[in-house]
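One letter stands for each residue in the lines below.
Protein chains: 2
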Amino acid sequence: MTYCVAMKLADGLVFVADSRTNAGVDNISTFRKLFTFGNGRDHALVLLSAGNLATTQSIVELLKRRIEEAEENLMTLPSMYDEAAYIGRLMREIIERDTHPQQSQGVDLGCSLLLGGQIRGEAPRLFLIYPQGNFIEASAETPFFQIGEFKYGKPILDRIITPNTPLETALTCGLISMDSTIKSNLTVDLPLDILIYNKDSYSLERTRQISAEDEQFLALRKAWGEGIRELFNRLPRTEL
Amino acid sequence: MTYCVAMKLADGLVFVADSRTNAGVDNISTFRKLFTFGNGRDHALVLLSAGNLATTQSIVELLKRRIEEAEENLMTLPSMYDEAAYIGRLMREIIERDTHPQQSQGVDLGCSLLLGGQIRGEAPRLFLIYPQGNFIEASAETPFFQIGEFKYGKPILDRIITPNTPLETALTCGLISMDSTIKSNLTVDLPLDILIYNKDSYSLERTRQISAEDEQFLALRKAWGEGIRELFNRLPRTEL
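The listed protein sequences correspond, in order, to chains A and B.
Mapping of the first sequence onto my numbering: residues 1 to 240, in sequence order.
Mapping of the second sequence onto my numbering: residues 1 to 240, in sequence order.
Just so you know, these hints were derived from the structure itself, not from any lab.
Glycine included, each C-beta is placed from N, C-alpha and C at the ideal position.
Each hint should be verified, as a subset may be incorrect.
Claimed, not checked - So these bits of chain B aren't anywhere near chain A, every CB distance computed over 12 angstroms:
(1) T76
(2) S79
(3) G153
(4) P155
(5) L171
(6) S180
To be verified - In silico DSS-like pairs for lysine-lysine, Cα to Cα no more than 30 angstroms straight-line:
(7) K199(A) / K64(B)
(8) K183(A) / K222(A)
(9) K199(B) / K222(A)
(10) K64(B) / K183(A)
(11) K183(A) / K64(A)
(12) K199(B) / K64(B)
(13) K222(A) / K183(B)
(14) K222(B) / K183(B)
As the list claims (entries may be wrong) - Derived list of chain B stretches under chain A, where covered just means 3 residues or more per stretch with a C-beta under 8 angstroms from a C-beta of chain A:
(15) 126-136
(16) 220-230
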């Protein structure tokens, strides 16, 4: 499984992705699920993936290859809407290429993607691309999207994230959401990839990987766990 | 859908159940999902239900009827283990009675039950009865069980509940877990039924219903929401 979350805020975009993949609980590996595509000038794109690993790896490989080889590619399309449609189309092509009903053995080739970024001339935008290749866009009412094992980590996002949440607070909330999911579900785990995109920067440099030994993450985990327990001691009791 | 949680603690048992049922999102009703069976002397049982409403209503009706009519019934069985087996057997009988493959129209008749309580001679015990009629028991390592739409509300239970959590704190945690689920999922909603069973009391009187206007619940919701946001402002930042 996988858990990824992306948020669209007034000041930019925030991304958090785990890196665990599994085919059954006895076949667990670590693969990066956060990918960036940018030229530093007018195109800055971040892609998060969940679902069939063969499909998502092919998507990323062919997106990169086309930047080198094709005229129409992620760095030439004029709008984030066109980027989402382009990636959705590529997803369908790959799934069609790899679908052979006699040999499928019931394997689901589908995947879900989060695409966030900015192209000069537009504000930053965030899309969720479905396994069918169609897509929806985040709005002020729904400033975040999740893919993969999303339920455990949703309540804290529902309580904290609004369009005006500062980027750094949103990152903290994304990490708590991820930590709750890791605690409750074996198939989501560290290391994490995180990225903050500041509006109009066209820079994808504010990114790093968080390992199980990351001191800042461990400090956050501890402060949250202690803070929650301490908060519980102050909550009003329900009489019975 | 439904969300119910039950906890087995050193001092007794705690139960929280919502009351929303739905057959599709356009057919929503309110039905009680918490049922008690006791004689005030040596048998005190609480049953929480999720799943097919026709099946769970039949189970409760026949359990009550058998207390009046049958020699072997919930008030005469000598152990909670026997009670769980007895209810699981009844569940299978009802599902078999109502299963007619030609007429099923794909409806799932299955249900899940939480059974907690105490019979004199034993400590309080808590069981999860599966749709197959078999069952598992809560232990010190796993002091709570959930049925229905359980993922949204699991992280807070994972962080707070241990076997030594006081009953009143556990109730508060169950209510927060329920509130998180209500906020994230339309098919779970108030009113709630709550019950605290104090070890060796054989009393099922510490129970009440919490409506949408319940002042204590509203105060708890507010204190939790504000406390979480205030805690966020104190959390250490992750540098990028």
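Okay, the hints, checked on the actual structure:
Distance check on T76(B): its Cβ is at least 29 angstroms (rounded) from any Cβ of chain A, clearing the 12 angstroms threshold; non-interface status holds. Distance check on S79(B): its Cβ is at least 27 angstroms (rounded) from any Cβ of chain A, clearing the 12 angstroms threshold; non-interface status holds. Distance check for G153(B) against chain A: the nearest CB is about 8 angstroms away, which does not clear 12 angstroms, and the non-interface claim fails. Some Cβ of chain A comes within 12 angstroms of the Cβ of P155(B); the nearest lies about 4 angstroms off, and the non-interface call is violated.
With a least beta-carbon separation of about 6 angstroms from chain A, L171(B) fails to lie farther than 12 angstroms from that chain, contradicting its non-interface assignment. Once the 12 angstroms rule is applied to beta carbons, S180(B) is inconsistent with being away from chain A; the minimum gap is 4 angstroms. Our distance criterion of 30 angstroms between C-alpha atoms is broken by K199(A) and K64(B), whose separation comes to about 64 angstroms. Between K183(A) and K222(A) the alpha-carbon distance is near 13 angstroms, which keeps this suggested pair within the 30 angstroms criterion.
Between K199(B) and K222(A), the direct Cα distance comes to roughly 33 angstroms. Violation of the 30 angstroms bound is thereby established for this hinted pair. Distance check on the hinted pair: K64(B) and K183(A) sit about 40 angstroms apart at the alpha-carbon level, beyond 30 angstroms; violated. Restraint check for K183(A) and K64(A): the C-alpha separation of about 35 angstroms exceeds 30 angstroms, so the hint is violated. With a C-alpha separation of about 24 angstroms, the suggested pair K199(B) and K64(B) falls inside the 30 angstroms cut-off, and the hint holds.
For the suggested pair K222(A) and K183(B), the alpha carbons sit about 26 angstroms apart, so the restraint of at most 30 angstroms is met. About 13 angstroms separates the Cα atoms of K222(B) and K183(B), which keeps this hinted pair within 30 angstroms; it holds. Figure legend: the stretch 126-136 of chain B, annotated as covered by chain A; annotation inconsistent (0 residues with Cβ-Cβ distances under 8 angstroms, at least 3 required). Judged by the Cβ-Cβ criterion of 8 angstroms, the stretch 220-230 of chain B is covered by chain A as claimed, because 7 of its residues qualify and three suffice.
Hint check: violations occur at hints 3, 4, 5, 6, 7, 9, 10, 11 and 15; the rest are consistent with the structure.
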